[in-house]
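So the protein sequences, as listed, match chains A and B.
Going by the working numbering, 96 is the number at position 96 of the first sequence; the sequence numbering is gapless.
Going by the working numbering, 1042 is the number at position 42 of the second sequence; the sequence numbering is gapless.
There's no promise every hint is true.
Claimed, not checked - Label-pair distances were calculated between CB atoms; the ranges are:
(1) B:P1133 - A:R13: 42 to 50 Å
(2) A:R44 - B:S1107: 41 to 49 Å
(3) B:R1013 - A:K10: 28 to 36 Å
(4) A:F36 - B:E1099: 50 to 58 Å
(5) A:S27 - B:P1133: 45 to 53 Å
(6) A:P17 - B:S1027: 41 to 49 Å
(7) B:S1107 - A:S29: 22 to 30 Å
(8) A:P17 - B:Y1054: 32 to 40 Å
To be verified - Residues of chain B clear of chain A, computed beta-carbon distances all greater than 10 Å:
(9) E1002
(10) L1014
(11) E1023
(12) E1043
(13) L1057
(14) L1059
(15) L1063
(16) D1064
(17) R1092
(18) F1100
(19) D1108
(20) R1112
(21) T1117
Note that these hints are calculated values from the structure, not bench results.
Backbone N, C-alpha and C define an ideal beta-carbon position, used for all residues, glycine too.
There are 2 protein chains.
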Amino acid sequence: MELQSVLNQKGLRLTQPRRVVMEILESTSAPISPQFIYRTSQERGEEIGLVTVYRTLDLLMALDLVRRVHGQGGCHGYVSASPGHYHHIVCRECGKAVEFDGAQDLSDLLNRIKKQTHFIIDGHLLQLQGICPECQNG
Amino acid sequence: MELQSVLNQKGLRLTQPRRVVMEILESTSAPISPQFIYRTSQERGEEIGLVTVYRTLDLLMALDLVRRVHGQGGCHGYVSASPGHYHHIVCRECGKAVEFDGAQDLSDLLNRIKKQTHFIIDGHLLQLQGICPECQNG
DNA sequence: CCCTTATTGAAAATAATTTTCAATAAGGAT
DNA sequence: ATCCTTATTGAAAATTATTTTCAATAAGGG
Ligand SMILES: [Mn+2]
Ligand SMILES: [Mn+2]
Ligand SMILES: [Zn+2]
Ligand SMILES: [Zn+2]
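Let's have the full structure, built from the sequences with the hints guiding it.
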């Protein structure tokens, strides 16, 4: 199990709440809020404290197992993420988020900005929005 | 004055609070929070209600005179923006934000993702982070 | 200077997030 | 299997962020 090994490697414990949060995230394709995770855990009969949801999300983000997605209005949804560097394209209809790798195509842009601004660039936030194939009919 | 004309054009009024919020935004190069704007207005002896700060930011965003910048941790800073489509690169040391135009260099990427995901892409969020020239000595 | 009406801001409601700390449970050791 | 140590949880409360209401105010055209 992914989660198990990553945690052990750092001397962290695989607890029930952590397992549940990760399961809920992995069973959802749209970015979801801490509230949503909390409510879902109740519905599944494995209720965990909302505080723990927040803490677990912080942890999973630090471990790069979960990524934060910024919305237009109400910010702060979370999606489970593949290890490595990925971005998301989010459907404005159904909310579904699909990962994509944007490293290559961004290098031209990054080089240009580096020259123009003289910044050292060490991070970026790239997120697309649109309409997914399923939502395009109707 | 920029603000004046944009407002008139839509039958909106140029009020004292709107003027102050815009001034504070334009005199700051880093993204700032509603709270910060509120406190600054107090310090300048032109205090405006926090509620009005929120409302004014919404308005200025709708008018494309101000743009929201998403941070890594605590989200939701605002910077004044040039009209048109721009993105920001934000210094992780001093917080300064500099605009850049990213439309061209993104098209290759967008086309690739369009093919791969079959999404209709109608928007994106691109923000870089790094260290500005001034903060590189130290 | 007057009127109309967009706009403000105090207050309170609502929502989001963090801090504290005693109780609990993981998982290595015996 | 049971014990121990300590990471982790979660209830409660504090803090912070944001929105809603509505009576009072002030833009700006006449
Ligand atoms: Mn990238
Ligand atoms: Mn762009
Ligand atoms: Zn969709
Ligand atoms: Zn800097």
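Hints and how they fare:
{"no.": "1", "hint": "B:P1133 - A:R13: 42 to 50 Å", "result": "holds, 45 Å"}
{"no.": "2", "hint": "A:R44 - B:S1107: 41 to 49 Å", "result": "holds, 43 Å"}
{"no.": "3", "hint": "B:R1013 - A:K10: 28 to 36 Å", "result": "violated, 57 Å"}
{"no.": "4", "hint": "A:F36 - B:E1099: 50 to 58 Å", "result": "violated, 34 Å"}
{"no.": "5", "hint": "A:S27 - B:P1133: 45 to 53 Å", "result": "holds, 46 Å"}
{"no.": "6", "hint": "A:P17 - B:S1027: 41 to 49 Å", "result": "holds, 46 Å"}
{"no.": "7", "hint": "B:S1107 - A:S29: 22 to 30 Å", "result": "holds, 27 Å"}
{"no.": "8", "hint": "A:P17 - B:Y1054: 32 to 40 Å", "result": "holds, 35 Å"}
{"no.": "9", "hint": "E1002", "result": "holds, 24 Å"}
{"no.": "10", "hint": "L1014", "result": "holds, 26 Å"}
{"no.": "11", "hint": "E1023", "result": "holds, 25 Å"}
{"no.": "12", "hint": "E1043", "result": "holds, 28 Å"}
{"no.": "13", "hint": "L1057", "result": "holds, 12 Å"}
{"no.": "14", "hint": "L1059", "result": "holds, 15 Å"}
{"no.": "15", "hint": "L1063", "result": "holds, 16 Å"}
{"no.": "16", "hint": "D1064", "result": "holds, 14 Å"}
{"no.": "17", "hint": "R1092", "result": "violated, 8 Å"}
{"no.": "18", "hint": "F1100", "result": "violated, 5 Å"}
{"no.": "19", "hint": "D1108", "result": "violated, 5 Å"}
{"no.": "20", "hint": "R1112", "result": "violated, 6 Å"}
{"no.": "21", "hint": "T1117", "result": "violated, 5 Å"}
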